[in-house]
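> The listed protein sequences derive, respectively, from chains A and B.
Counting from 1, one number per residue, gives the positions in the first sequence under full-length UniProt numbering.
Counting from 1, one number per residue, gives the positions in the second sequence under full-length UniProt numbering.
Simulated from the structure, these hints should not be mistaken for laboratory data.
Any given hint could be a false lead.
It does not matter which identical chain is used: a pair holds within one copy or between any two.
Only pairs whose alpha carbons sit at most 30 Å apart, straight line, appear in this in silico BS3-like list of lysine-lysine [as the list claims (entries may be wrong)]:
{"#": "1", "residue 1": "K82", "residue 2": "K57"}
{"#": "2", "residue 1": "K225", "residue 2": "K263"}
{"#": "3", "residue 1": "K20", "residue 2": "K9"}
{"#": "4", "residue 1": "K136", "residue 2": "K169"}
Computed from a predicted model, the values in this text were never measured in an experiment.
2 protein chains.
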Amino acid sequence: MATIKDIAKKLGISISTVSKGLNGAGDISEEMRQMVLDTAVEMGYASKRIQKLGKRKVCILIENMEYENIDQFGYEIVVGFKLSAVRRHCEVSVIPTNLNMLTQEKYDTFMLKNGFCGAFLLGFALHDDYIRQLDKTNVATVLLDNYNPNRHVGYVGTDGYNGIDMAIKHLYDYGHKKIALLNGSKNSMVTNDRRLAFLQAMDRYSLKVDPNLIANGYYVADCAKDHVGTFLSNGATAIVCASDLIASGVINELKRLGVQVPKDVSVTGFDDLPIARHLSPTLTTIRQDRVALGKSAFIMLEELIGGVSISKLLLKPELIIRDSTGPCPE
Amino acid sequence: MATIKDIAKKLGISISTVSKGLNGAGDISEEMRQMVLDTAVEMGYASKRIQKLGKRKVCILIENMEYENIDQFGYEIVVGFKLSAVRRHCEVSVIPTNLNMLTQEKYDTFMLKNGFCGAFLLGFALHDDYIRQLDKTNVATVLLDNYNPNRHVGYVGTDGYNGIDMAIKHLYDYGHKKIALLNGSKNSMVTNDRRLAFLQAMDRYSLKVDPNLIANGYYVADCAKDHVGTFLSNGATAIVCASDLIASGVINELKRLGVQVPKDVSVTGFDDLPIARHLSPTLTTIRQDRVALGKSAFIMLEELIGGVSISKLLLKPELIIRDSTGPCPE
């Protein structure tokens, strides 16, 4: 493990300048400070300093996910994380990121500079700089619904296989045979899992999979209008959606086309956001317990900080049956 | 939630008799006590009483797994569990079970009677009474390597997909093409996972799967002699084993047949038990961090007790390269 002396030697500067850089003292240039921090990260000094800090500090970095309002997906996740953190005497900073911040500074440097010993990353895409840097990070990091092979990185999520299976079984019990899947964006691990889960479940209940009844949209309501027509013309009597937002778009599009839910077509969502109860008809959906996701993310982060290399932690989903599903029409 | 009054009413006895039964007072018959406890469990009274107990108590129930010696699979798991429990001020009882105990008393009744608010079950088979009762339990329960759909039951394990993939990649890099799998006992979730992981990994590296090179043994050394001959006559140059004990049997059988490891045939294990370092040649294997498994089991149990419905928690395995693997012979 590198010492302050090693860093000073490598940069050809004094030990006191390194110390000032690491501690954020005001009398050295910002440029020098950045160089000291980057070198400290490179030489593996990071964790040592973090260990010395008395109060443990972690952060939630949020990119591209709404979380400020209780109706939004991220809200309860952040609440759950903070609940667990408070009980374990750990301070949490919630930091919305932006392109400027992500490109200006490396992830590990950001963490070291701010004295964070771990982070929960929410809403990042695979091509984001911080996500790509995770292959080599030494910082304990938890992702939502995304896998990284690095031993310091784990992920939390909801068991989508179990969830999709419950939805398909529910529709099967109602006599549906032609079941469509409107999935989320491509290039997402969750989207891929839900597709495989759909194929597996259809097989389990001996239902035929029609490629015309499987499509990728995006995780927004708007994507429904591109696919619902095709599903209908291929005889779908039920549409399984990869999120509640997609399902809300599907219900609207069905209404626009004069198709009744659930009399003509049943619809299921995924997430159980508050809107699921307010849609008309109310939405049958697969519940992700978001408070529990947040709590689990924190306990996982704590274990990763302590050197327990958790790969993944999946919660049990729950099927919430409401009014958007019903018997298959004759 | 049922009250003491409800239990008294149901059994047609006085409230004070119910109270004596629940608290283990000496002046009622053992038969009456058992009836009170069984009724309390049936009526969902259990968790309420447990909540009232000041100090939290959990147990590890061990069936058919050796744990008393550091060389044995269960030892470090128990150590890891206790380490986490102590840090969280929770008392742990380690209880080896026996057929008598398992048949005499229901799982939930046993837990209530002894004031345990959760249990970690080690080494049980799917047909054991306690495992079958888990479908309906209200007691927070963690299993090693076994799934149950009940929301109060979760499982910890090591990511076998990742592990087997690393072993196959390692052999592939050494030029092996005819790779055999000597798996564990049938009817085990882990055995099934390892078979699927093997098929997936072979496919990933474009290696042909030969059904003659896949066999189920048992998780003991002795099973090797039934399969190694068949593997050799079908041209295997590498044998991936589902445990270190199986691998030790395979190495002995190869020696007996005059085949050199790794010059003629490479062998890999799974677990990284202490014996892996003492075999000759030392064993290349997929490490399960058993202390971390125990620690994870405890934090999972704690979350289940708190109502967070964790389905599974998987650790990252590690490939430990030693002397039992080498380049594929010409």
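> All hints are to be evaluated individually against the structure, with a verdict given for each.
We went through each hint and held it up to the structure:
no. : hint         : result
1   : K82 to K57   : both (12 Å within a copy, 26 Å between copies)
2   : K225 to K263 : within (20 Å within a copy, 62 Å between copies)
3   : K20 to K9    : within (15 Å within a copy, 73 Å between copies)
4   : K136 to K169 : between (42 Å within a copy, 21 Å between copies)
Of the numbered hints given earlier, the model fails none.
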